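S.K.: For reference, the chains in residue letters:
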Amino acid sequence: MTAFVRNQWYVAAHAHEVGRELLGRTVLGEPILLYRTEDGRAVAMSDRCVHRRFPLSEKPSRLDGDRVVCGYHGFTYGTDGGCVSVPGQQRIPRTARLKTYPVIEQDAFVWVWIGDREPGDTLPPRAPWLDSPDHTVVRGMEPIDGDYGLLVDNLMDLSHETYLHGGYIGTPEVAETPITTEVDDKAGIVYVSRHMDDAECPPFYAESTGIEGRITRWQDIEYHAPGLYLLHSRIAPVGAPGPNADGTDPHAFHVEVVYGITPSTERTTYDFWAVARDFALEDQQVSDFLWENNRTVVLQDVVALNVLQKALDTEKAGYQELSINIDTGGLAARRILARLAAEGVEQVGAAAR
Amino acid sequence: MTAFVRNQWYVAAHAHEVGRELLGRTVLGEPILLYRTEDGRAVAMSDRCVHRRFPLSEKPSRLDGDRVVCGYHGFTYGTDGGCVSVPGQQRIPRTARLKTYPVIEQDAFVWVWIGDREPGDTLPPRAPWLDSPDHTVVRGMEPIDGDYGLLVDNLMDLSHETYLHGGYIGTPEVAETPITTEVDDKAGIVYVSRHMDDAECPPFYAESTGIEGRITRWQDIEYHAPGLYLLHSRIAPVGAPGPNADGTDPHAFHVEVVYGITPSTERTTYDFWAVARDFALEDQQVSDFLWENNRTVVLQDVVALNVLQKALDTEKAGYQELSINIDTGGLAARRILARLAAEGVEQVGAAAR
Amino acid sequence: MTAFVRNQWYVAAHAHEVGRELLGRTVLGEPILLYRTEDGRAVAMSDRCVHRRFPLSEKPSRLDGDRVVCGYHGFTYGTDGGCVSVPGQQRIPRTARLKTYPVIEQDAFVWVWIGDREPGDTLPPRAPWLDSPDHTVVRGMEPIDGDYGLLVDNLMDLSHETYLHGGYIGTPEVAETPITTEVDDKAGIVYVSRHMDDAECPPFYAESTGIEGRITRWQDIEYHAPGLYLLHSRIAPVGAPGPNADGTDPHAFHVEVVYGITPSTERTTYDFWAVARDFALEDQQVSDFLWENNRTVVLQDVVALNVLQKALDTEKAGYQELSINIDTGGLAARRILARLAAEGVEQVGAAAR
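Taken in sequence, the protein lines are chains A, B and C.
UniProt numbering puts the first residue of the first sequence at 1, with every later residue one more than the last.
UniProt numbering puts the first residue of the second sequence at 1, with every later residue one more than the last.
UniProt numbering puts the first residue of the third sequence at 1, with every later residue one more than the last.
Check each hint, because a few of them may be wrong.
It does not matter which identical chain is used: a pair holds within one copy or between any two.
[Said to hold, decoys possible] Below, computed lysine-lysine pairings styled on DSS-like, alpha-carbon distance capped at 27 Å:
no.: 1; residue 1: 59; residue 2: 310
no.: 2; residue 1: 59; residue 2: 99
no.: 3; residue 1: 59; residue 2: 316
no.: 4; residue 1: 186; residue 2: 99
no.: 5; residue 1: 310; residue 2: 99
no.: 6; residue 1: 186; residue 2: 310
In short, the hints are calculated from the structure, not lab data.
Since the structure is predicted, the reported quantities are computational estimates derived from the model, not experimental observations.
Could you build all of it, start to finish, from the sequences and the hints given here?
M.R.: So this is what it looks like as structure tokens:
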């Protein structure tokens, strides 16, 4: 399996998923309870009652105002994780306290910090299109029964669109066109670009943009290890002018495809996805189409990765892969994840000294 | 997991479950075949044919008079476990013999002895209300995907009624009222009492007794480790006279709630339950109501304990619980179980010397 | 579990199962892709893409002429396992090659060689009735969730027909009649014979042959370890003349029941079955009856062996069986399998030196 990277921010939920119902998510193996207080603040704490370890996200556990009441014996907790009531006695044991998690709500994601030290000034990477008046967004989450490294591999090498997503977002040119890869090791970012000058327009873009002929199609990936993946997708009719020197680009359609990649357990992953567009902003039909279409694409990935994980589970130790040019980005991502995971372990060691 | 306690009687079935159909039950990990002979005697023997280990409780295995015929190759056994017929030859190997189990039918339970020595004079603890003309009984069995220790914990601490069984048997007073606990270490019995002088009457008792106002409600638990749990429940309108000095108690309603707690495997448990009442003896509607209602309550426990077991399965070794006053009885039960389990092991060792 | 025997031919499929759809089968733990080329030749190769181990038998992987295109990133392979195309570049890495498996199509079975050396002159054992104009055949395959040794045991001891297959092929005489067993250790063949001179005719034979009274019924088993089992079944009315000296036998009905026993994983087995008859060759109703009836019998075995495997999974190490005369053939088969398995390991060792 791909090692977990601790001391990082992870997407625990889309903002709209966190509300006045108790939500349980397991992030890097840690069971986390999420809910929103009456004044709208997202909070995160351990999803296990201190008494007998009952999951606080499971019914009949419930919210009482901003407090969580365990559904088994009624241990009750405030938003700071402190226990405020136990059955049969007035005295609350001092150690009756749930671990809380630092939470940041940013770009319509609820991020939690998983680590052994405090985040300090560290902030999650940005995906501003997801919470911008200049974009319209569709989004969802699909769980994967597989190592999160399989999803990183998948997204870093979009040549698979041609085969796994043919008829949706794949065309022959995606697999045929070579990529360029840049790695910012220090920042932990991998950039992979594929610029197709004259390509078939797949249904995903033909139906949403209305373009009828061939297109120039740019795929510019930014992977912020470990948990955020951005695909800047630029679509324009062949022959249309390129971007202006000032960065404006009025002759093209832009879609920002964003993935929050969150390891849940060693063999399960949350695949948070969002598609933001800068055109047809008010067109519900386009929104419906993109939601349905991208969800189908994500589910094609989910099915393939579940199949792949099962296949890998039967491999003997030391089985071999064969990597080629298209894997440059994925391999760079694996190296960065391995380094970050090792650093996380060292930080734990340092904190213990 | 909670250690198994050997050299003890366990409920293997309600008496009505054992008949002329072959019944398989696994008790403390041992597969046991149960059936009733033509003259009505319950017998128990190993549920594995000596030949190729086929389960004798599985079809097409069948009874032929009082003999069991294996459904695979026809090895046939008498009630003493001895093989009386094999295919293709007249000679029966001398070692062709199933292990039999001591059986006692008592209080409408079929008890089996699981141990390395004979029970001698040891008898199962009593629950006489279950087979008494002065009581009417409803009963059932629900399997739990969890360690039997979780069910012991659950039943020893009834404060959970308020939260898990609200609307059925729980009211605020159960969780609020302190308990008194007594432990008879030598006999292996834990007593937990909670006397509520002025409490809301939950639907379970309101509908069955017809009481309309508030009640005095006594819960007197007797846990006979490892496998029998008795809850003496006394319900009376507030202000009604208490029991007489001679033990009679004509102004109250009495319900005896009995649980046979039988470990099946390390992670599965049989939850045999029965509810005996000393009122409305002929009223089928009350019987139907109590059966339905108590089964719902038991299933609420089953769901919660299955959830809890799954949560505990993901905990790291050495995870912590926090215990308070209400847990006094449960902790005492755990101590007795640990002692009995250790004694069982010592007895095995002694027997081997 | 029963040890795998390497350096042997195994039935991987009925011939009709291998066509222009990609078929995945796991044989002795090795994932194998099977398909037929455009000119009709069956080929077998590793079912894992060299790139990221995606199963080539899983959609959207597909055939393009005689080439296999991986459904994940489009790695494309010829029938010799060599990779002929990868995405994003012209150069094919030299090591991009799938392991291929020797294949022989014989007697309407597709056999694959599982081993560490080449088969050389070794050929699979024969079952010529399955592909003969003098016979009509019905066939199928049922997977078993059990060790293949359980299926060998099952088929070597037909006394179980009386109990497990009563009402189909079992009658009391099968279990009652002693067997004779011969073992050709060198060739790895076990012969078990049971000749019933005057027996009830079970529905399987009564309905297919039209015989109305009692029969002589011969069961002559030839087990070619590890993977082919033949049951020569001879049925004739009681009193009919026996076979002629020249081997012809015009007064009897002959049914050749053939099993390909193929270990899939340590706990799963393919049960390939076929029933060939030398009578009523054109009678579709008899074919339908025999297909339905034999499939039911096979499924009775499957259910029993699945139950048995689950029971064995809970046994402690060193549990005991008890064997009698009817087990002579099965025990001989186990000895031969153990010897062949050990030889397979030695051959691996020898090859490595």
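S.K.: Hint by hint, note whether the structure agrees.
M.R.: Status of the hints after comparison with the structure:
Within a single copy, residue 59 and residue 310 get their C-alpha atoms only as close as 32 Å, which misses the 27 Å cut-off; across copies the closest is 15 Å, which meets it. In this assembly of identical chains, residue 59 and residue 99 lie within 27 Å of each other by CA distance solely inside one copy; the values are 21 Å within and 45 Å between copies. Within a single copy, residue 59 and residue 316 get their C-alpha atoms only as close as 41 Å, which misses the 27 Å cut-off; across copies the closest is 24 Å, which meets it. Proximity of residue 186 and residue 99 under a CA criterion of 27 Å is satisfied in neither setting, with 31 Å inside one chain copy and 41 Å between copies.
Taking identical chains as interchangeable, the C-alpha atoms of residue 310 and residue 99 lie at most 27 Å apart only when they sit on different chains, with a minimum of 20 Å there against 34 Å within one chain. In the homo-oligomer, the alpha carbons of residue 186 and residue 310 never lie at most 27 Å apart, since the shortest distance is 34 Å inside one protomer and 40 Å across protomers.
Consistency with the previously given hints fails for numbers 4, 6, ordered from lowest to highest.
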